[in-house]
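J.: Given next are the chains, with one letter for each unit.
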Amino acid sequence: MKLPSYVRPDGVHPPLLSPEYKSTVLRAPSQKPVLLPHRLTEITGPVLGEDRVTADDADLTRDSGGEAVGQRIIVLGRVIESDGRPVPETLVEIWQANAGGRYRHARDTWPAPLDPHFTGAGRALTDRDGGFRFLTIMPGAYPWGNHHNAWRPAHIHFSLFGRAFTQRLVTQMYFPDDSLFAQDPVMNSIRDPRARKRLVSRFDLSATEPEWALAYRWDIVLRGAETTPFEEEGDDD
Amino acid sequence: MTETPAITASQTVGPFLHIGLPWEDGPFVVPSTVEGAFTITGTVYDGAGQPVPDALIETWQADPDGRFDHPDDPRGAAKSTVDGFRGFGRCPTGPDGTYRIVTVKPGALPAGGGAVEAPHLDVSVFARGLLDRVVTRLYFPDEEAANAADPVLVGLPDPSRAGTLVATAVEGGYRFDIRLQGEGETVFFDV
Numbered sequence: 001m002k003l004p005s006y007v008r009p010d011g012v013h014p015p016l017l018s019p020e021y022k023s024t025v026l027r028a029p030s031q032k033p034v035l036l037p038h039r040l041t042e043i044t045g046p047v048l049g050e051d052r053v054t055a056d057d058a059d060l061t062r063d064s065g066g067e068a069v070g071q072r073i074i075v076l077g078r079v080i081e082s083d084g085r086p087v088p089e090t091l092v093e094i095w096q097a098n099a100g101g102r103y104r105h106a107r108d109t110w111p112a113p114l115d116p117h118f119t120g121a122g123r124a125l126t127d128r129d130g131g132f133r134f135l136t137i138m139p140g141a142y143p144w145g146n147h148h149n150a151w152r153p154a155h156i157h158f159s160l161f162g163r164a165f166t167q168r169l170v171t172q173m174y175f176p177d178d179s180l181f182a183q184d185p186v187m188n189s190i191r192d193p194r195a196r197k198r199l200v201s202r203f204d205l206s207a208t209e210p211e212w213a214l215a216y217r218w219d220i221v222l223r224g225a226e227t228t229p230f231e232e233e234g235d236d237d
Numbered sequence: 001m002t003e004t005p006a007i008t009a010s011q012t013v014g015p016f017l018h019i020g021l022p023w024e025d026g027p028f029v030v031p032s033t034v035e036g037a038f039t040i041t042g043t044v045y046d047g048a049g050q051p052v053p054d055a056l057i058e059t060w061q062a063d064p065d066g067r068f069d070h071p072d073d074p075r076g077a078a079k080s081t082v083d084g085f086r087g088f089g090r091c092p093t094g095p096d097g098t099y100r101i102v103t104v105k106p107g108a109l110p111a112g113g114g115a116v117e118a119p120h121l122d123v124s125v126f127a128r129g130l131l132d133r134v135v136t137r138l139y140f141p142d143e144e145a146a147n148a149a150d151p152v153l154v155g156l157p158d159p160s161r162a163g164t165l166v167a168t169a170v171e172g173g174y175r176f177d178i179r180l181q182g183e184g185e186t187v188f189f190d191v
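Chain order of the listed sequences is A and B. Quick note: the first sequence, position 187, residue 187 per the UniProt record's numbering, numbers continuous. Quick note: the second sequence, position 49, residue 49 per the UniProt record's numbering, numbers continuous.
These aren't lab readings, by the way, just hints derived from the structure by calculation. No residue lacks a Cβ here, since even glycine has one placed at the ideal position from N, Cα and C. There could be a bad hint or two in this list.
[As the list claims (entries may be wrong)] Below, simulated DSSO-like cross-link-like pairs (lysine-lysine); rule was C-alpha separation at most 27 Å, straight line:
id, chain 1, residue 1, chain 2, residue 2
1, B, Lys105, A, Lys2
2, A, Lys2, A, Lys197
3, B, Lys105, B, Lys79
4, B, Lys79, A, Lys2
5, A, Lys32, A, Lys22
[To be verified] These stretches of chain A come out as covered by chain B in the derived footprint (C-beta under 8 Å, 3 or more residues):
id, segment
6, 10-20
7, 59-66
8, 126-137
9, 162-169
10, 176-183
11, 205-215
12, 220-226
[What the hints assert, rightly or not] Calculated from the model, a selection of chain A residues having no Cβ within reach of chain B, i.e. all distances over 12 Å:
id, residue
13, Gly70
14, Ile74
15, Ser82
16, His157
17, Met187
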């Protein structure tokens, strides 16, 4: 029985213990993780179909019968694997703060206004090319208690399934040239500056809608299969 | 060596994951009316022994026949004989750090070379303070013979920690607590 094995991205993900982000100190496991070979449970994953998503779920700007306040933006991109293959029909879930940097959440109590017309949650299924497109509101930055005068740069949370358990990824998308990057321990927990840069979307004039919305493009790369099964022998090159 | 520079890095789900991730039917790998359905409950603890109220648990498993309805299974995708079987469960922890998943026991799985994996669930834990998910496995206490032959359990570098991967039988199902750090720390896997 030959199974695909997925790339193990050494040095890309942040170390779980990153003490400058204080919540990691009591939550990061202290033992080294045990290497798990990729067998049937790992190379498969939930196939979540269209029943999870309606077309309206990709538009975050009109909740409860009215328009959300703030700068309208289109957030679009593709979900691909590290070998370049697109990941079609995979569920993309996002959540974010409103234009004032406030989350609609009982535990977010800082004094920025809530917006009755902004929930901050969106869902989409990727198309045949792995493409997704959300219409939302530019999220605001917000303060948090990690250290004195700590502010999170504006970001959108992304949750991706890919097609295998190994590919599951939750991450955050940032916006270009944010002055708050340098002091953010969450973003800087990623040690490789190139990997940090890959979390920053780019402004895309060609994807904007005239007289309607600006646009930011961001591609998400999931771990691809390391070797193609059945092609291990006959190394002819 | 494989070049992997392009892979997107992980970031924490943060404290407000409840806005985007929970589903109303998330905990139901199967509808609770399915014959043989049981509940897995457990509490997630941090390194100080405190419950973690802002975590999310996800589970993934084979159906009772040991099959996956998935194109990459080399035995072929097989629609489950259990009505409404989704294979996937998702539940945020409550204020007391507790989650619950309603499911059925998966079948054993061929692991290559004649080895057989005992019935198990792959379990992901996401939380504020976890910069990447951590992954563990849930095995069943009433599968002693299968567990004793399971290549993952047998291969643990520290066999004395294997017990952290085996659920406890309780009324109505099983209990599976997850200790992120410190005494009794759950075995986590590099997937």
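J.: Taking the hints in turn, state whether each one holds.
T.: Okay, the hints, checked on the actual structure:
no.: 1; hint: B:Lys105 <-> A:Lys2; in the structure: holds (25 Å)
no.: 2; hint: A:Lys2 <-> A:Lys197; in the structure: violated (36 Å)
no.: 3; hint: B:Lys105 <-> B:Lys79; in the structure: holds (16 Å)
no.: 4; hint: B:Lys79 <-> A:Lys2; in the structure: holds (21 Å)
no.: 5; hint: A:Lys32 <-> A:Lys22; in the structure: holds (20 Å)
no.: 6; hint: 10-20; in the structure: holds (count 7)
no.: 7; hint: 59-66; in the structure: violated (count 0)
no.: 8; hint: 126-137; in the structure: violated (count 0)
no.: 9; hint: 162-169; in the structure: holds (count 6)
no.: 10; hint: 176-183; in the structure: violated (count 0)
no.: 11; hint: 205-215; in the structure: violated (count 0)
no.: 12; hint: 220-226; in the structure: holds (count 5)
no.: 13; hint: Gly70; in the structure: holds (16 Å)
no.: 14; hint: Ile74; in the structure: holds (19 Å)
no.: 15; hint: Ser82; in the structure: violated (5 Å)
no.: 16; hint: His157; in the structure: violated (6 Å)
no.: 17; hint: Met187; in the structure: violated (8 Å)
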